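Number of protein chains: 2
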Amino acid sequence: MNCNVPTDIVFSFTGFQQRGGRTDDHADGWGIAFFEGRGCRLYVDSASAADSPVAQLVRSYPIRSLNVIAHIRKATRGPVALENTHPFMRELWGRYWIFAHNGTLDRFEARSQGRFRPVGSTDSEAAFCDLLNALWQRFGDTEPSGADLGGAVREWANRMAALGSFNFLLSNGAQLFSHCATRLSYVVRQAPFTRVRLADADIDVDFSAVTTPADRVAVIATVPLTTNEEWTSIEPGQLLVFEDGEPRVVG
Amino acid sequence: MNCNVPTDIVFSFTGFQQRGGRTDDHADGWGIAFFEGRGCRLYVDSASAADSPVAQLVRSYPIRSLNVIAHIRKATRGPVALENTHPFMRELWGRYWIFAHNGTLDRFEARSQGRFRPVGSTDSEAAFCDLLNALWQRFGDTEPSGADLGGAVREWANRMAALGSFNFLLSNGAQLFSHCATRLSYVVRQAPFTRVRLADADIDVDFSAVTTPADRVAVIATVPLTTNEEWTSIEPGQLLVFEDGEPRVVG
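Going line by line, the protein sequences match chains A and B. For the first sequence, numbering that gives the first Met the number 0 gives the first residue as 0, with consecutive numbering after it. For the second sequence, numbering that gives the first Met the number 0 gives the first residue as 0, with consecutive numbering after it.
Simulated from the structure, these hints should not be mistaken for lab results. Just to be clear, a hint being listed does not mean it is correct.
What the hints assert, rightly or not - Rough simulated footprint, nothing fancy, chain B against chain A, three-plus residues with beta-carbon under 8 Å:
hint : segment
1    : 35-41
2    : 47-57
3    : 81-88
4    : 92-104
Because the structure is a prediction, the values reported are computed rather than measured. Note that beta-carbon positions come from the ideal geometry of N, C-alpha and C, so glycine has one too.
Extracted from the complex, chain A is given alone in its bound form (with noise of 0.2 Å):
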């Protein structure tokens, strides 16, 4: 989720929270991280997110955040284990960056060496470090301009995706970049807003009564969240960066 508004994210948490282990098949740990001024919530279980006490917390606790990051896990490189759980946390120029990653990096190469190390044994925080070094060697000390950084970004995803399937979520609390590789769609939620219904979970909301016209929200998900709004697809190889709940396309 990005937007120009701190929002909770309660409502399509719900939903999502259900993919875990229930309406799908995504048991192996889970995680979710809220931006926060420039602090950051991260919460990471290895538990399925349909069982787990901390999804329970954040379906109750309404945490106001402009850039949210949640990941459900079904593993596939790495054991379920805590380490192994999306998504990750780092620290590059004094910023948080946050990253999780859907598919397999089959003819990925990770290397165990440089600044940034992963912890656990996928190939997702191997990819994420892979990132962060490869920033750091180009930019060094200095942090880049929102423009450089996305054309960093768009480069360094198209070497990712010819190693494999890459889809991605990445924030720096002040820009959201989506990559899809296979599947992967959004929809931008802004005045006049309407009753929104789960796909996953008996539940609606009418978020005309809890917003202010100026709000803009943006969702992304591998799958549609509601059933009756319109949600675009985002096309496979396509890099867009979110910005105040506004998609731009990188590159």
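On the provided structure of chain A, position chain B as indicated by the hints.
Okay, now just chain B, sitting in the frame of chain A:
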């Protein structure tokens, strides 16, 4: 807490939580980090521990860990905000490192350059980054032995202790370092286990009923958490390293 078998911290945390706004005035946010294998659960909240829904979760969800670091904040440097909430986490040599500080480093000049940089505005996070930068500069790509690491932390603690009040806890998931500047004490629980009573809540527990004879658990705190155990004061200037529930003086 540092243990030789994964142990839950619910009992100690129950007393500790009260100090975050109820029996003590450290009400400017709180946090706790649990190592679980190589992974780490980090919960930070800018609300007071006494009132935090996340603290309620920690009390009701027994997470078993070999190394736990918890902190309640009384803001001295940096406003109350999530990014200023201890403990702080970074990755170095493919391990997570966790750090919490009690005191103020009046004469420490934080730098915003280098590999590790603070995200928030506390002297504490800046000091943590300073340590990791120093370790990286000294040992480079190769993780040092426990003895070499201890020596480096000892040297760094001496340098920082000259700049203010520097009680800290530091863990890489294998060792837990405790440096006392003004006030820090510990207890080691091992067989024969006894019935123990919290100082801050009307709660006791019979550890003989929930342990095996081989268990060893060290708990370190600014002020003893229990009333009927022998806590050992760490001497000002002393650095201890705990491993498998056993303290050892460093340097």
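Okay, the hints, checked on the actual structure:
{"no.": "1", "hint": "35-41", "in the structure": "holds (count 7)"}
{"no.": "2", "hint": "47-57", "in the structure": "holds (count 3)"}
{"no.": "3", "hint": "81-88", "in the structure": "holds (count 5)"}
{"no.": "4", "hint": "92-104", "in the structure": "holds (count 4)"}
Checked against the numbered hints given earlier, the structure satisfies every one of them.
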